[in-house]
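Chains as they are written, first to last, in numbering that gives the first Met the number 0: chain A, 0 to 101; chain B, 0 to 101.
Since the hints were derived computationally from the structure, they do not count as laboratory data. A couple of the hints might just be wrong.
Claimed, not checked - Below, a list of computed lysine to any residue pairs in the SDA-like style, where the Cα atoms sit at most 25 Å apart:
1) B:Lys84 <-> A:Glu10
2) A:Lys8 <-> A:Glu61
3) A:Lys95 <-> A:Glu81
4) A:Lys95 <-> B:Asn47
5) A:Lys19 <-> B:Lys99
6) B:Lys84 <-> A:Ser87
7) A:Lys95 <-> B:Thr80
8) A:Lys19 <-> B:Arg18
9) B:Lys99 <-> A:Met101
10) B:Lys99 <-> B:Thr80
11) A:Lys33 <-> A:Glu10
12) A:Lys8 <-> B:Met101
13) B:Lys55 <-> B:Lys84
14) A:Lys55 <-> B:Arg18
15) A:Lys82 <-> B:Leu50
16) B:Lys82 <-> A:Pro32
17) A:Lys84 <-> B:Leu11
18) A:Lys95 <-> A:Glu14
19) B:Lys82 <-> B:Glu37
20) B:Lys55 <-> B:Arg74
21) B:Lys95 <-> A:Ser87
22) A:Lys95 <-> B:Asp88
23) A:Lys8 <-> B:Leu50
24) B:Lys8 <-> B:Ser87
25) B:Lys82 <-> A:Met101
26) A:Lys19 <-> B:Leu60
27) A:Lys95 <-> B:Glu81
28) B:Lys19 <-> B:His70
29) A:Lys8 <-> B:Ser87
30) A:Lys8 <-> B:Ser46
31) A:Lys95 <-> B:Ser46
32) B:Lys95 <-> A:Ile54
Treat the numbers as computed from the prediction; the structure is a model and nothing was measured.
Single-letter residue listing:
There are 2 protein chains.
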Amino acid sequence: METMRVYSKTELSFEIISRKWMCFIVHTLANGPKRFAEISAAIPNISNRVLTERIKELEDLEIINRNVIPHRPVRIEYSLTEKGKALSDVLNEVGKWAGKWM
Amino acid sequence: METMRVYSKTELSFEIISRKWMCFIVHTLANGPKRFAEISAAIPNISNRVLTERIKELEDLEIINRNVIPHRPVRIEYSLTEKGKALSDVLNEVGKWAGKWM
Numbered sequence: 000m001e002t003m004r005v006y007s008k009t010e011l012s013f014e015i016i017s018r019k020w021m022c023f024i025v026h027t028l029a030n031g032p033k034r035f036a037e038i039s040a041a042i043p044n045i046s047n048r049v050l051t052e053r054i055k056e057l058e059d060l061e062i063i064n065r066n067v068i069p070h071r072p073v074r075i076e077y078s079l080t081e082k083g084k085a086l087s088d089v090l091n092e093v094g095k096w097a098g099k100w101m
Numbered sequence: 000m001e002t003m004r005v006y007s008k009t010e011l012s013f014e015i016i017s018r019k020w021m022c023f024i025v026h027t028l029a030n031g032p033k034r035f036a037e038i039s040a041a042i043p044n045i046s047n048r049v050l051t052e053r054i055k056e057l058e059d060l061e062i063i064n065r066n067v068i069p070h071r072p073v074r075i076e077y078s079l080t081e082k083g084k085a086l087s088d089v090l091n092e093v094g095k096w097a098g099k100w101m
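Bound-form chain A, shown alone (with noise of 0.2 Å):
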C-alpha cells in the first residue's frame, strides 16, 4: 500500500514536470499560441489521445488557456498562461544546463 504522505509544493512541480511530453508540451507554445495539429507536429512521437490528456491537465493547471476563435470554422488555440509563462522560463534554465553538460 502507497504511504500516504502530503507532497510539498515543490513536489507537487516534480510531479507536474515529470508526467511524459508535459515540458514538450509547455516549451513548444514557448514561442507563441499553437493549435493542436501544430503542437502535435512538433513533438512527433506523442498521440493524440496523450497530447488530449496533457492538454486538458495543462488546463486544470492553469498553466496553458484554450483560445475559442469565432472564425468560420471555429478556431480553437491554445496559450500559455502567465503561470505557464514563467514555468517555461523555468524550463529554460533546464534547457541552459543541458546545453552547458550535455
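Assemble the complex: chain A is given as a structure, and chain B must be docked to it using the hints.
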C-alpha cells in the same frame, strides 16, 4: 511507427527530468550524500526496484556519484556530481515557481 527525430539537448534534458522520480532523487541528494535506504525513506512511494534503476541511470548520466566507503561493513553512498548540483539548482527554480504559482 515512432518518427525518429534527433532530440535537441533541451529535449533530452526534458526526457531525463520527466523520468518518474528523477527530480525527487536529485532533490533529495541536494543536501548531501545519502545511502540507498535514506533516499528510499525520503521518497516513500518509490519501489526499491525503480530506485535502483533510477540510481543506475543517474550514475550513467554522471549526475550522481557512487561512493564506496571502506568501513567494516563497506558503506555505499550516493552524492551529486558538479553536473548534478547544477541540475539541483535548476530544480530549485522549479520549486520557487511552485511556491509562487501552486
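Structure-based check of all given hints:
The straight-line distance between the Cα atoms of lysine 84 (chain B) and glutamate 10 (chain A) is roughly 18 Å, inside the 25 Å bound, and the hint therefore holds. Restraint check for lysine 8 (chain A) and glutamate 61 (chain A): satisfied, since their Cα atoms lie roughly 15 Å apart, inside the 25 Å limit. Simply put, lysine 95 (chain A) and glutamate 81 (chain A) have alpha-carbon atoms about 21 Å apart, close enough for the 25 Å limit, and the pair holds. Restraint check: the Cα-Cα separation between lysine 95 (chain A) and asparagine 47 (chain B) comes to about 32 Å, which exceeds 25 Å; the hinted pair is violated.
Restraint check: the Cα-Cα separation between lysine 19 (chain A) and lysine 99 (chain B) comes to about 23 Å, which is no more than 25 Å; the hinted pair holds. Between lysine 84 (chain B) and serine 87 (chain A), the direct Cα distance comes to roughly 21 Å. Compliance with the 25 Å bound is thereby established for this hinted pair. Restraint check: the Cα-Cα separation between lysine 95 (chain A) and threonine 80 (chain B) comes to about 17 Å, which is no more than 25 Å; the hinted pair holds. Straight-line distance between C-alpha atoms of lysine 19 (chain A) and arginine 18 (chain B) comes to about 7 Å, which keeps the hinted pair within the 25 Å bound.
This hinted pair does not check out: lysine 99 (chain B) and methionine 101 (chain A) have alpha carbons roughly 29 Å apart, beyond 25 Å. Taking the CA atoms of lysine 99 (chain B) and threonine 80 (chain B), the gap is about 29 Å. The hint is violated against a cut of 25 Å. Taken as a hint, the lysine 33 (chain A) and glutamate 10 (chain A) pair is broken in the structure, with Cα atoms around 29 Å apart against an allowance of 25 Å. A distance of roughly 7 Å separates the Cα atoms of lysine 8 (chain A) and methionine 101 (chain B); the hinted pair therefore holds under the 25 Å criterion.
Taking the CA atoms of lysine 55 (chain B) and lysine 84 (chain B), the gap is near 17 Å; set against the 25 Å cutoff, the hint holds. For the suggested pair lysine 55 (chain A) and arginine 18 (chain B), the alpha carbons sit about 21 Å apart, so the restraint of at most 25 Å is met. The hinted pair formed by lysine 82 (chain A) and leucine 50 (chain B) fails the criterion: a straight-line CA distance of about 31 Å is larger than 25 Å. Annotation: proposed proximity of lysine 82 (chain B) to proline 32 (chain A) is violated, straight-line Cα distance about 34 Å (limit 25 Å).
Pair hint lysine 84 (chain A) plus leucine 11 (chain B) holds up; C-alpha atoms about 21 Å apart against a cutoff of 25 Å. The hinted pair formed by lysine 95 (chain A) and glutamate 14 (chain A) meets the criterion: a straight-line CA distance of about 21 Å does not exceed 25 Å. The suggested pairing of lysine 82 (chain B) with glutamate 37 (chain B) holds, with an alpha-carbon distance near 22 Å, which does not exceed 25 Å. Between lysine 55 (chain B) and arginine 74 (chain B) the CA atoms are separated by roughly 17 Å; this keeps the pair inside 25 Å, and the hint holds.
Restraint check for lysine 95 (chain B) and serine 87 (chain A): the C-alpha separation of about 13 Å stays at or below 25 Å, so the hint holds. For a cut-off of 25 Å, the pair hint linking lysine 95 (chain A) to aspartate 88 (chain B) stands: about 12 Å separates their Cα positions. A hinted pair counts as satisfied when its Cα atoms are at most 25 Å apart, and lysine 8 (chain A) with leucine 50 (chain B) qualifies at roughly 22 Å. At roughly 17 Å between alpha-carbon atoms, lysine 8 (chain B) and serine 87 (chain B) fall within 25 Å of each other, so this suggested pair holds.
With a C-alpha separation of about 9 Å, the suggested pair lysine 82 (chain B) and methionine 101 (chain A) falls inside the 25 Å cut-off, and the hint holds. Our distance criterion of 25 Å between C-alpha atoms is met by lysine 19 (chain A) and leucine 60 (chain B), whose separation comes to about 19 Å. Among the hinted pairs, lysine 95 (chain A) with glutamate 81 (chain B) is consistent with the structure: their alpha-carbon atoms are about 15 Å apart, no more than 25 Å. At roughly 33 Å between alpha-carbon atoms, lysine 19 (chain B) and histidine 70 (chain B) are farther apart than 25 Å, so this suggested pair is violated.
Between lysine 8 (chain A) and serine 87 (chain B) the alpha-carbon distance is near 16 Å, which keeps this suggested pair within the 25 Å criterion. Our distance criterion of 25 Å between C-alpha atoms is met by lysine 8 (chain A) and serine 46 (chain B), whose separation comes to about 22 Å. For the hint pairing lysine 95 (chain A) with serine 46 (chain B), the CA-to-CA distance comes to about 31 Å; that exceeds 25 Å, so the pair is violated. The suggested pairing of lysine 95 (chain B) with isoleucine 54 (chain A) holds, with an alpha-carbon distance near 23 Å, which does not exceed 25 Å.
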